[in-house]
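Enquirer: The chain contents come next:
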Amino acid sequence: MIPALAFYFFATILVCSATLVIFARNPVHAVLFLILGFFNAACLFVLLGAEFLAFIVAIVYVGAVAVLFLFVVMMLEISFDTAREKARRYLPVGLAVGGVLLAELIFLFAGWHTAPGAVVSAANVTEETGALTNTEMLGRILYTEYVYPFQLAGLILLVAMIGAIVLSLRTRSGVRKQSVADQVARKREDVVEIVKVTPGTGV
Amino acid sequence: MNDSLSLSALTPLLPEIFLAVAGLALLVVGVVREQRHGLCAMCRAVAFCFVLACVFMLGLDWHRTVALNGMFVMDQFAGVMKFMILGGLLISVVLGEKYLAQEGLARFEYPLLILFAGLGMMVMVSANHMLVAYMGLELQSLSLYVLAAFRRGHGKSSEAGIKYFLLGALASGFLLFGMSLIYGYTGALSFDGISHVLRASGEGALALPALVGMVFIIIGIAFKISAVPFHMWTPDVYEGAAGSVTALFAIVPKVAAMGLLLRILFAVFEPAQDQWQQIMWLLSMGSMLVGAFGALAQTNIKRLMAYSSINHMGYALIGVVAASQTGVAGVIFYMMVYMLMAAGVFAVVLMMRRGGIALRETTDLAGLGLRNPAIAYAMAILMFSMAGIPPMAGFFCKMFVFQAAIAEGFYVLSVVGVLTTAVAAFYYLRIIKIMFFDKPAEALDQDFGFGRRAVLLGSVLFVVLFILNPDVLIEISRSAAAAVMVAP
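Protein chains in written order, with my numbering: chain A, 1 to 203; chain U, 1001 to 1488.
Think of the hints as simulated: they come from the structure by calculation, not from any bench.
Please note that a few of the clues may not be correct.
[Claimed, not checked] So, partial list: chain A residues that the calculated Cβ filter (under 7 Å) puts toward chain U: (1) W112; (2) I156; (3) L157; (4) I162; (5) G163.
[Unchecked claim] Here are the simulated DSSO-like cross-link-like pairs (lysine-lysine), alpha carbons at most 27 Å apart as the crow flies: (6) U/K1439 x A/K86; (7) U/K1156 x A/K86; (8) A/K177 x A/K187.
[Unchecked claim] Derived CB-CB ranges, DEER-like: (9) A/E77 x U/I1162: 46 to 56 Å; (10) A/L102 x U/A1407: 54 to 64 Å; (11) U/S1006 x A/F52: 21 to 31 Å; (12) A/L102 x U/A1200: 28 to 38 Å; (13) U/L1468 x A/F109: 32 to 42 Å; (14) A/I56 x U/Q1325: 39 to 49 Å; (15) A/F9 x U/Q1273: 26 to 36 Å; (16) A/A185 x U/R1360: 42 to 52 Å; (17) A/V97 x U/L1468: 48 to 58 Å; (18) U/L1461 x A/S179: 26 to 36 Å; (19) U/L1468 x A/L142: 48 to 58 Å.
Idealized CB from N, CA, C, for every residue including glycine.
Extracted from the complex, chain A is given alone in its bound form:
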């Protein structure tokens, strides 16, 4: 009873805030609604007993992604009215393509069935690991069975970082940076010259 109530409570807020993300006029408000949506999704994960996913949603999406969005929205002055204008122009095409895709998906899921000999894995997992927590189970499987894709994911992130640096880091010319080594290595005789000036001639 209480879980069901909680589910409907969180789900309603989630759907409402997701709708408001699209319809809010002020982009900052949209991002804030997005954060509210993420939190409610995290709560739904908790209800499902997937507490690790809930933490990840809260930490990664709210902590990193949404904050990044907020920064971008505040720093770039995006004119949402012209964007809306463009969106309206492409709306019919978008709706047509989306509609066809949606119809196909409805078709697909209406006739959905699994293969007769499908591998049933969900039941086995819970039986074997009843005493372990969600996080522990994920950790065990991630670092043993799935170590290869896990390492590859690490490399992908590394490449993403290299890419970000390559594409955005520029060494500007004409910037006066302090070079301590040059300053220390400077000698008196290199820079100071004593000139005897005879009066009336100039240097």
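Dock chain U against chain A, hints included.
Expert: Same frame as chain A, but now just chain U:
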């Protein structure tokens, strides 16, 4: 299961592990050393790594072995594909070294991104698990997106990068969606597991969920080989990216994507052969037509090469449609020959500089026959080969796939293939005409550099001398095809 992480079980992964570690080490070296003269040394170091990885490959057992819980497979097919990938990467690094310095793009990250892209490609062709295939694809794509936008501050290059990235992300979405449908239907993610369930559950035809999943997966990969309805990005990306990056795009990633496609079609969806043959038929037909007719209007040589590559992928896909062992061998053989031909052509494209500025138009080649006859004749030979004129290697690879298609009864496809070859011959021959018969333009810059000359020479020698001993490559392709087609 538990002993799968012992070190000896990792032996088949030795080239990949070596490349990953070498890449990390070189990254540190590149950052610590100031990057004043970094590019040249880094290019050589990365090229050396590719050679070493090839040596490791030779030392491996090329019989089918799986490692890491069946996620990684090493067999003849993976071996041959990896050799091609490493060779192509080596060529593109050699081609790029001096060109980038001339373009003022000498940054040490360039060869390293190629290295990581290469690692992703190697992962792709020896994937035996949907997740691993996806990870490999993303690793190579992400590196390539960055390379496409490498000429930053240049409008077209940024456009190329963003276009490639957005469409690539869409294709990845399709791929993932297809994989999730397949997972939902079969409950398995490993290639062996999926094919086992599919084979057990139906005679021939796939059920609807699996079918939709398969189509989505094929779309995701077809984007990477730029087969026709999914080719839109190719001309723009080829045009916008820096010349040596375009050369890389033309030579290598398609080999890896084709490898993954063959592996997925034959190791996973083998029971649904009738169904995917129809899809491949359409892709092949569309690529041949669009590639041939689209190129007619192009004056920019990089866009021309983009359409040419679409066209060639159409021919290669004929072999996939045939789905016989000869056909698959034909695909592998076609990719080898195409790779080596394209390398030579791009060596010439990268040589096209006048007054320190890279040239783009085909008309800029005018008078090459007068001023640099050696290069002009080399280019002419490569163009003949691309067009498929008999004594050159380019003729034999086309003949191979057409033969396979006719043997399996795909007459329409073969006839269209031959006709589009004739259309394509027009624009290849037009380049020869421009080089030898048009009013000469001013001479090109003469500092071609050793790398580009060497690649051009090697490519021309291969194209011309292939006929003397054709059996070697054909036998290699056959054994690779046999390895990928054997039911696990």
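Enquirer: Now look at each hint and say whether the structure bears it out.
Expert: The hints, checked one at a time:
1. W112: 6 Å, holds
2. I156: 5 Å, holds
3. L157: 9 Å, violated
4. I162: Holds. Min distance 6 Å.
5. G163: A/G163 check passes; min Cβ-Cβ to chain U is 4 Å, inside 7 Å.
6. U/K1439 x A/K86: 48 Å, violated
7. U/K1156 x A/K86: 23 Å, holds
8. A/K177 x A/K187: Holds, because 20 Å separates the two Cα atoms, which is no more than 27 Å.
9. A/E77 x U/I1162: 46 to 56 Å: Since A/E77 and U/I1162 have Cβ atoms about 20 Å apart, the given range 46 to 56 Å is violated.
10. A/L102 x U/A1407: 54 to 64 Å: 43 Å, violated
11. U/S1006 x A/F52: 21 to 31 Å: 29 Å, holds
12. A/L102 x U/A1200: 28 to 38 Å: 32 Å, holds
13. U/L1468 x A/F109: 32 to 42 Å: Given a distance of about 58 Å, which is not inside 32 to 42 Å, the answer is violated.
14. A/I56 x U/Q1325: 39 to 49 Å: 47 Å, holds
15. A/F9 x U/Q1273: 26 to 36 Å: Check failed, 51 Å falls outside 26 to 36 Å.
16. A/A185 x U/R1360: 42 to 52 Å: The hint (42 to 52 Å, Cβ to Cβ) holds, given that A/A185 and U/R1360 are roughly 48 Å apart.
17. A/V97 x U/L1468: 48 to 58 Å: 53 Å, holds
18. U/L1461 x A/S179: 26 to 36 Å: 52 Å, violated
19. U/L1468 x A/L142: 48 to 58 Å: 53 Å, holds
Of the hints listed earlier, those the structure fails to meet are numbers 3, 6, 9, 10, 13, 15, 18, in rising order.
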